[in-house]
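S.K.: Sequence:
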Amino acid sequence: MATPFVPGQQSTSRAYQAISTAGAIILRLGLIIPLAWIGIAKFTSAEAAAIMPLVSHQPLMRWVYDVFSVQAFSNVLGCLELLAAMLIAIRPVSARLSAIGSGIAALLFVSTISFLFTTPDVVASSSLHVPLVTEVGGFLIKDVALLGAAVWTLGEALIAQSAKDARIVGDRG
Numbered sequence: 001m002a003t004p005f006v007p008g009q010q011s012t013s014r015a016y017q018a019i020s021t022a023g024a025i026i027l028r029l030g031l032i033i034p035l036a037w038i039g040i041a042k043f044t045s046a047e048a049a050a051i052m053p054l055v056s057h058q059p060l061m062r063w064v065y066d067v068f069s070v071q072a073f074s075n076v077l078g079c080l081e082l083l084a085a086m087l088i089a090i091r092p093v094s095a096r097l098s099a100i101g102s103g104i105a106a107l108l109f110v111s112t113i114s115f116l117f118t119t120p121d122v123v124a125s126s127s128l129h130v131p132l133v134t135e136v137g138g139f140l141i142k143d144v145a146l147l148g149a150a151v152w153t154l155g156e157a158l159i160a161q162s163a164k165d166a167r168i169v170g171d172r173g
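1 is the number of the first residue of the sequence shown in our numbering; add one for each residue after it.
Note that these hints are calculated values from the structure, not bench results. Check before you lean on any hint, since a few could be wrong.
Unchecked claim - Derived Cβ-Cβ restraints for the label pairs, each shown as a range: (1) 16 <-> 107: 30 to 36 Å; (2) 110 <-> 130: 22 to 28 Å; (3) 160 <-> 129: 42 to 48 Å; (4) 12 <-> 59: 50 to 56 Å.
Using N, Cα and C, we set each Cβ at its ideal position, and we do this for glycine too.
Taking the hints into account, I'd like the entire structure generated from these sequences.
M.R.: Here you go:
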């Protein structure tokens with residue numbers, strides 16, 4: 001049975017696809033820009049000092065200050081954030097490398113989200129019986145959205161790489 005003709009359906013579908021494509025580009029840039037910006041900031045003494053209390057209260061991470069100085073560990077994080085941003089940005093050239101960058105970003109965001117549960121005074125008491133985040137909590141909570149963006153870009157890159165690998169195998173067979 002033939003699909004009935006609906007006037008404007010094709011142009012509507014193209015418009016929806018354009019919106020989806022624009023959203024994907026904005027989402028990817030919305031991940032790359034904060035990663036790069038915050039990564040650069042990690043090389044400053046102010047940022048190194050700012051993350052120290054967060055890392056010190058995280059049971060799985062506090063050991064790093066036994067191995068690295070406060071600034072050295074901040075520099076390592078900065079390098080990882082910049083590496084992730086660059087790898088995610090090269091998605092048009094390499095889906096595989098972009099997936100690696102997205103994976104690094106996801107791990108970084110999972111670690112920072114964990115600070116919500118390990119850092120004292122992230123939530124302020126409220127007379128409204130609603131937990132309100134403090135300034136530190138507000139800084140950390142945004143990483144939930146960035147984690148979502150990293151997971152989406154990871155999935156998108158893996159799908160693209162898988163399709164490319166399947167085409168290569170198909171061409172050989």
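S.K.: The hint says 42 to 48 Å between residue 160 and residue 129; measuring C-beta to C-beta, is that right?
M.R.: holds, 47 Å
S.K.: If I claimed the Cβ atoms of residue 12 and residue 59 lie 50 to 56 Å apart, would that claim hold in this structure?
M.R.: For residue 12 and residue 59 the Cβ distance comes to about 53 Å; the hint holds.
S.K.: Regarding residue 16 and residue 107, is the given constraint of 30 to 36 Å on their beta-carbon distance met?
M.R.: Cβ of residue 16 to Cβ of residue 107: about 33 Å, so the range 30 to 36 Å holds.
S.K.: Is the distance from the Cβ of residue 110 to the Cβ of residue 130 consistent with 22 to 28 Å?
M.R.: Given a distance of about 26 Å, which is inside 22 to 28 Å, the answer is holds.
In summary, the structure agrees with every hint in the numbered list given earlier.
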